[in-house]
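Enquirer: So you can see what is in the structure, the chains are spelled out below.
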Amino acid sequence: MAQFQSLADAVRDNLKHGDTVAFEGFTHLIPHAAAHEAIRQGITDLTLIRMTPDIVYDQMIGMGLAKKVVFSYAGNPGVGLLRRMRDAIENQYPRAIETVEHSHAAMANAYEAGAAGLPVAVFRGYKGAGLKAVNPDIKSVICPFTGEELAAIPAHRADVTFIHAQKANAKGDVLIEGIIGVQKEAALAAKRVVVTVEEVVPDFKDLHPNLCILPHWTVSAIAVVPGGAHPSYTHGYYARDNATYLDWDKISADRELFTAWMQEHVLDATPEVFAERVKGL
Amino acid sequence: MAQFQSLADAVRDNLKHGDTVAFEGFTHLIPHAAAHEAIRQGITDLTLIRMTPDIVYDQMIGMGLAKKVVFSYAGNPGVGLLRRMRDAIENQYPRAIETVEHSHAAMANAYEAGAAGLPVAVFRGYKGAGLKAVNPDIKSVICPFTGEELAAIPAHRADVTFIHAQKANAKGDVLIEGIIGVQKEAALAAKRVVVTVEEVVPDFKDLHPNLCILPHWTVSAIAVVPGGAHPSYTHGYYARDNATYLDWDKISADRELFTAWMQEHVLDATPEVFAERVKGL
Amino acid sequence: MTDFTPTEMMTIAAARQLTSRDVCFVGIGAPSAACNVARLTHAPDITLIYESGTIGTAPDVLPLSIGDGELCETAVSTVAVPEMFRYWLQGGRISIGFLGAAQLDKFGNINTTVIGDYHHPKVRLPGGGGAPEIATSCGEIYITLKQATRSMVEKIDFYTSFGHGDGGDHRARLGITTKGPTLLITDLAIWRPDPVSKEFTVVSLHQGVTRDMVQETCGWTVRFADDLEQTPPPTELELTTLRDLQARTAAAHGGSKKGN
Amino acid sequence: MTDFTPTEMMTIAAARQLTSRDVCFVGIGAPSAACNVARLTHAPDITLIYESGTIGTAPDVLPLSIGDGELCETAVSTVAVPEMFRYWLQGGRISIGFLGAAQLDKFGNINTTVIGDYHHPKVRLPGGGGAPEIATSCGEIYITLKQATRSMVEKIDFYTSFGHGDGGDHRARLGITTKGPTLLITDLAIWRPDPVSKEFTVVSLHQGVTRDMVQETCGWTVRFADDLEQTPPPTELELTTLRDLQARTAAAHGGSKKGN
Numbered sequence: 032m033a034q035f036q037s038l039a040d041a042v043r044d045n046l047k048h049g050d051t052v053a054f055e056g057f058t059h060l061i062p063h064a065a066a067h068e069a070i071r072q073g074i075t076d077l078t079l080i081r082m083t084p085d086i087v088y089d090q091m092i093g094m095g096l097a098k099k100v101v102f103s104y105a106g107n108p109g110v111g112l113l114r115r116m117r118d119a120i121e122n123q124y125p126r127a128i129e130t131v132e133h134s135h136a137a138m139a140n141a142y143e144a145g146a147a148g149l150p151v152a153v154f155r156g157y158k159g160a161g162l163k164a165v166n167p168d169i170k171s172v173i174c175p176f177t178g179e180e181l182a183a184i185p186a187h188r189a190d191v192t193f194i195h196a197q198k199a200n201a202k203g204d205v206l207i208e209g210i211i212g213v214q215k216e217a218a219l220a221a222k223r224v225v226v227t228v229e230e231v232v233p234d235f236k237d238l239h240p241n242l243c244i245l246p247h248w249t250v251s252a253i254a255v256v257p258g259g260a261h262p263s264y265t266h267g268y269y270a271r272d273n274a275t276y277l278d279w280d281k282i283s284a285d286r287e288l289f290t291a292w293m294q295e296h297v298l299d300a301t302p303e304v305f306a307e308r309v310k311g312l
Numbered sequence: 032m033a034q035f036q037s038l039a040d041a042v043r044d045n046l047k048h049g050d051t052v053a054f055e056g057f058t059h060l061i062p063h064a065a066a067h068e069a070i071r072q073g074i075t076d077l078t079l080i081r082m083t084p085d086i087v088y089d090q091m092i093g094m095g096l097a098k099k100v101v102f103s104y105a106g107n108p109g110v111g112l113l114r115r116m117r118d119a120i121e122n123q124y125p126r127a128i129e130t131v132e133h134s135h136a137a138m139a140n141a142y143e144a145g146a147a148g149l150p151v152a153v154f155r156g157y158k159g160a161g162l163k164a165v166n167p168d169i170k171s172v173i174c175p176f177t178g179e180e181l182a183a184i185p186a187h188r189a190d191v192t193f194i195h196a197q198k199a200n201a202k203g204d205v206l207i208e209g210i211i212g213v214q215k216e217a218a219l220a221a222k223r224v225v226v227t228v229e230e231v232v233p234d235f236k237d238l239h240p241n242l243c244i245l246p247h248w249t250v251s252a253i254a255v256v257p258g259g260a261h262p263s264y265t266h267g268y269y270a271r272d273n274a275t276y277l278d279w280d281k282i283s284a285d286r287e288l289f290t291a292w293m294q295e296h297v298l299d300a301t302p303e304v305f306a307e308r309v310k311g312l
Numbered sequence: 077m078t079d080f081t082p083t084e085m086m087t088i089a090a091a092r093q094l095t096s097r098d099v100c101f102v103g104i105g106a107p108s109a110a111c112n113v114a115r116l117t118h119a120p121d122i123t124l125i126y127e128s129g130t131i132g133t134a135p136d137v138l139p140l141s142i143g144d145g146e147l148c149e150t151a152v153s154t155v156a157v158p159e160m161f162r163y164w165l166q167g168g169r170i171s172i173g174f175l176g177a178a179q180l181d182k183f184g185n186i187n188t189t190v191i192g193d194y195h196h197p198k199v200r201l202p203g204g205g206g207a208p209e210i211a212t213s214c215g216e217i218y219i220t221l222k223q224a225t226r227s228m229v230e231k232i233d234f235y236t237s238f239g240h241g242d243g244g245d246h247r248a249r250l251g252i253t254t255k256g257p258t259l260l261i262t263d264l265a266i267w268r269p270d271p272v273s274k275e276f277t278v279v280s281l282h283q284g285v286t287r288d289m290v291q292e293t294c295g296w297t298v299r300f301a302d303d304l305e306q307t308p309p310p311t312e313l314e315l316t317t318l319r320d321l322q323a324r325t326a327a328a329h330g331g332s333k334k335g336n
Numbered sequence: 077m078t079d080f081t082p083t084e085m086m087t088i089a090a091a092r093q094l095t096s097r098d099v100c101f102v103g104i105g106a107p108s109a110a111c112n113v114a115r116l117t118h119a120p121d122i123t124l125i126y127e128s129g130t131i132g133t134a135p136d137v138l139p140l141s142i143g144d145g146e147l148c149e150t151a152v153s154t155v156a157v158p159e160m161f162r163y164w165l166q167g168g169r170i171s172i173g174f175l176g177a178a179q180l181d182k183f184g185n186i187n188t189t190v191i192g193d194y195h196h197p198k199v200r201l202p203g204g205g206g207a208p209e210i211a212t213s214c215g216e217i218y219i220t221l222k223q224a225t226r227s228m229v230e231k232i233d234f235y236t237s238f239g240h241g242d243g244g245d246h247r248a249r250l251g252i253t254t255k256g257p258t259l260l261i262t263d264l265a266i267w268r269p270d271p272v273s274k275e276f277t278v279v280s281l282h283q284g285v286t287r288d289m290v291q292e293t294c295g296w297t298v299r300f301a302d303d304l305e306q307t308p309p310p311t312e313l314e315l316t317t318l319r320d321l322q323a324r325t326a327a328a329h330g331g332s333k334k335g336n
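Protein sequence lines correspond, in order, to chains A, B, C and D. Each step along the first sequence adds one to the number in my numbering, with nothing skipped, and position 143 is 174. Each step along the second sequence adds one to the number in my numbering, with nothing skipped, and position 93 is 124. Each step along the third sequence adds one to the number in my numbering, with nothing skipped, and position 175 is 251. Each step along the fourth sequence adds one to the number in my numbering, with nothing skipped, and position 237 is 313.
Worth flagging that the hints you see were computed from the coordinates, not collected in a lab. There may be inaccurate statements among the hints.
Facing chain D, a subset of chain B residues (Cβ under 10 Å, in silico) [to be verified]:
#1 A144
#2 L238
#3 H247
Computed from a predicted structure; not experimentally measured. From the three backbone atoms N, C-alpha and C, an ideal C-beta is built for every residue, glycine too.
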C-alpha cells in the first residue's frame, strides 16, 4: 500500500545495506533525486541493477556504494564512457566492484520475467556473442517443439526498485507516460517499490484507460520531488539536460573534481534543489 | 504495407482454404463482420484459433468452415454454452472438428510468444490440471537455475489474423483502445493481418504516445466497416449488445433455426448492415 | 431484515469474507455479485480484477461478460491480456481467486470441461478459461456453488483446475506454493478445508438449513465441524445493496431486442 | 556540390542505402544522422526505431541519447522496452540494424566491450547494449566506422556482437537465420562481404580516396573488388540536409550550462 513520505523517509524505510536494488528509467525518468538521497544516507554494499548505469550509477559507484553492478550498457549515452565506473573496474577505485554483464534484450527480458513471477527469462539471444563465455548466468533451454537452443538467464528480483514518474493520485496510483522503458517491469519484479513523482493530483479520472499505471497497492512509498529526474527528464514537465550529460564527462574524469562536485551538489544538498535545476528546461 | 480495401477483397486476398486463422478480440472488438464475410465466401478447412470461440466461431463452426479449433473457453460469455460448437464436438454436426484445448494463460502466452518470434511459450501453468493429459502440445522445460518445471506450449503463428479496431489513419496505422485483449499479439504473431475499423481519420497527431497502435507496415489490409464488431462492441462507439448474446442461446440451440438465421443475417447480408445493427447501442 | 433466497445468502456470505485489502480475480455470476456487494458495503477499497485486463474496476452494473465496457470505463487501468496473465496473475499479485464449478469434489478439485470421457464427451462444457492458473497462482481460492448431488460429486470427470488433489500435502508435492481452496460457500453452508486432510468441512449453516439438507444435496459424505456455527442472515444493507445491483443489471442488459 | 568532409561522405553514403520501405533500428551518431538524412531526402516513409521504444520517429533534431524526448513526441507509438526487444527486434520486424564498433574485423564481428582481457581490461568500453541481438535479429546489418588501424583489426579482443564469425557459413552453423553484416561504410569507402568467404571487400572508393589510403588505415590486408566503383560525391541537397540537421542539433543541445 502506497505511503506518502518524505524522500529521506522513503529511502530509509526501503533501502538497506546489502540490498539488491534497481533505479530504473530508460534515459527518461531516471530517479536521480532518490539516488542522491541513498548517497547522503551512505547505504553501501549494494548490488545495483540497471540497463544503462548512466550518470546515476556512475555517481553511486564513484561514492563507493556498490559492491556489484548488473548492467548492459556502461556508457554516458551519446557522450562516451562512464569514468567512475571504469575507474572502479580498471583500478578498483574507490573499491573493487563485481560486474554481471548482459545485453539490453537480456536485461529487459529479465525484468519481464521478474514481473511475471518466473525464475527465468527465455529469449533468442547471445548467439555467437562473447558474453556467454564470461557470464555464468547465461545458460540455455531447448525448445521441446523445434529443438532450438534459446538463451536463459535468471529473472531480476530486486529487494527494492526506485523509479520516477509524472504523477500520483491521492490514492497512490502512479502514472508513467512517454518513454516508459522497463519501469513497470522493474517495479513489479521487486519486493518493494519507491516512486518519486513530479506532483500529486486528486484523481486520474480523465486519463486514457490504457496508460501505464502502477496501482497504489503495488507501491510501497511515494515521495513528491519536483525535478527529481534531473539531468534526465520528465515528459510533459521538463526536457533532458543534455548539457549536464556533456559536462559530466569532464567532472567524472577527475577523482578530485568528482568528489568536490558530489560534496557540493549531493552531500550538501537536499531534494528541494531539483526543482531549481529544471527551471528553464 | 496496409492496403485499404473492401471487406470482400480483404478477406479474399488474405484468407485461403486450409489456413490457420485467428479472429481475436477479448469480448470487446470481436471482428464479426470479417467472420461473416469469410462465411459468405465459403472458405473452409480452417484451423480456428481464439481464446473464447464465442458466437463468432459458433457461427463459423455451425456453417462447417472449421476442421480444427484451438481454444481456451468454449462458452457464450455470461450466458452459457456454445451450442453449435457442442454439436460439432458431440455429434460431428455439420462435420467433425478436431479440438486443441488450452487455458487462457496458455493461449495468451502462445500469442505473446508468436509476436515475440519465439517457437515456444514458457510459463507457470497447468499444475495438476487435466489438460496436460489430453493435449500433447503441452510439454515442459526445466528452469536451469531453480530446477522448476515450467509449462511449454507451441507459439501461435497464424497465417492470418483478423481484428476489429476503432480507427485507422490515412497511412494505415491502426489504433486499438479500451479492453485491448490479445489483439496486438495475435496480429504480430500472424503472417498477414486484416483489420476492420470503425472509421479512418487523417492522422493520429493528438493521441497519447503510449496507446496500442499497429504501425501501417505491420498490417496487410484495412476495411472500413462501421459496427463491424456487433454484437461485440467498440469502446467509444457503441455498447455490447448483451440482448443478442442472450438471444443466441435460443438461435443456436436449434439446427434449423440456426440455418435460417445465418441465411437471413449473414449469407443474404452485406457488411453495410452492421452500421444499422449498432444504431441506438 | 427481510426474507431472502439461498442464492442471496450465498452471495452475501461470500461478500463478507472480503476486505478492502483484497485483490480479487473475479469471475462472472455469484463471484462478481459478491465482490461488488463487498465493494459497495464494508470493503470500499477492494481491488477487483477481471481477466479481460481491467484492474481496479467499480462497475455500477454487474457485467454480463468479463469484458463488458463498464469494467474498462471504471478501471484504474486496463492492460493487455498477456500482461494480465503474466504480471498480475502469475506474478502472484492476486490475493483471492473465485471459481465456480460444474463438478466439485470434497478436496476442491473442479471440473468445468466435460461430463463423460474427454474425447467422447456426453456433455461438452465451456472448459477452463483462466481457471487452471487461477487455481494455482492466486493466494487462495474461494469457491461458490449451489448445492446439488449432480455437482458435488465423489469423483469429478475431469480435473479442469486443481484444488487439494487427493488431499493432504498434494499441492506441495506438485510444487504449488499457494493455498488453494480455503473456502467453499454454497447456498446452504460455509465450508472450510480440514487443516490436515484438506477435506471440505461444513463450519456454518445458513439460517433455516439443517445438516440433512446439506447432506441430501451433496454427493459425498459430509463432515461437519464440532463447533458448527450459524451464518448470520443478510442485513438490510447487504440485501438492499445486492438487490439494487441486480435490478440495475437487469435493466441494463435488457431482454430480447426488437428486430435483428 | 561543395566541399565535404570524409565523415559527411560516410553519413551520406549510408543514407543512400536506405529506402522508404526500410524499418531501421537506429543507433546514436552516424547511423542516426544517416537515417534522418534519408528520411529528409529520398526516403520520407522510412520507419526509424530507437531502442528506447519509439517506433516511427521523425525528430527535427538528432537526439543526443536514444531516449531523447523528441523521439517520443514525434513517434507513431512508444512501447515498453521489453516489448521493443521481444515483439519488434526478436519478432523479426526490423529490416536493417545499424552498428558502430570500437574494434571490427574483416568478417564484421564487433567489439565495443573491452580492450584487453575481459576480466582485467586495459580499457573498459561501454559494452554491447542492444548489439548482441541487433546483430542476429535484424534482417541485415549496416556498419559505419571511421577507418583506423586501431579499430579495423585482424583479431578483435571480444565478440560483443557476431558478424560472420570465421566467415563462410558460420552464421548458419550457429542457427542464425538473418543475413548479418551486408554493408560497411567508412569515411573512405563502401565495403560488402564476399558472397562466399564473407570477408569485407571494398566495392567503392569515396572521391579522392586511393587504395593505399584505405589499406593504411586498416589493420588487415584489404581486398578490393575487380569492378571497383567510385562513390558519387554528396549532392547539394544531401549536404545541405545533413548540415542543417547538425546545425539544428548543435543549437538544441547547447554547450555547458551556466550554474548547476
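Enquirer: So, for every hint listed, does it hold in this structure?
Expert: Each hint, compared with the structure:
With 10 Å as the threshold, the beta carbon of B/A144 comes within range of chain D, its nearest partner Cβ sitting at about 9 Å, so the hint holds. Interface hint at B/L238: satisfied, since its Cβ lies 9 Å from the closest Cβ of chain D, which is below the 10 Å cut-off. Annotation: B/H247 was flagged as interfacial toward chain D, and the flag holds, the nearest CB pair being 8 Å apart, inside 10 Å.
Violated hints are absent here; each numbered hint is respected by the structure.
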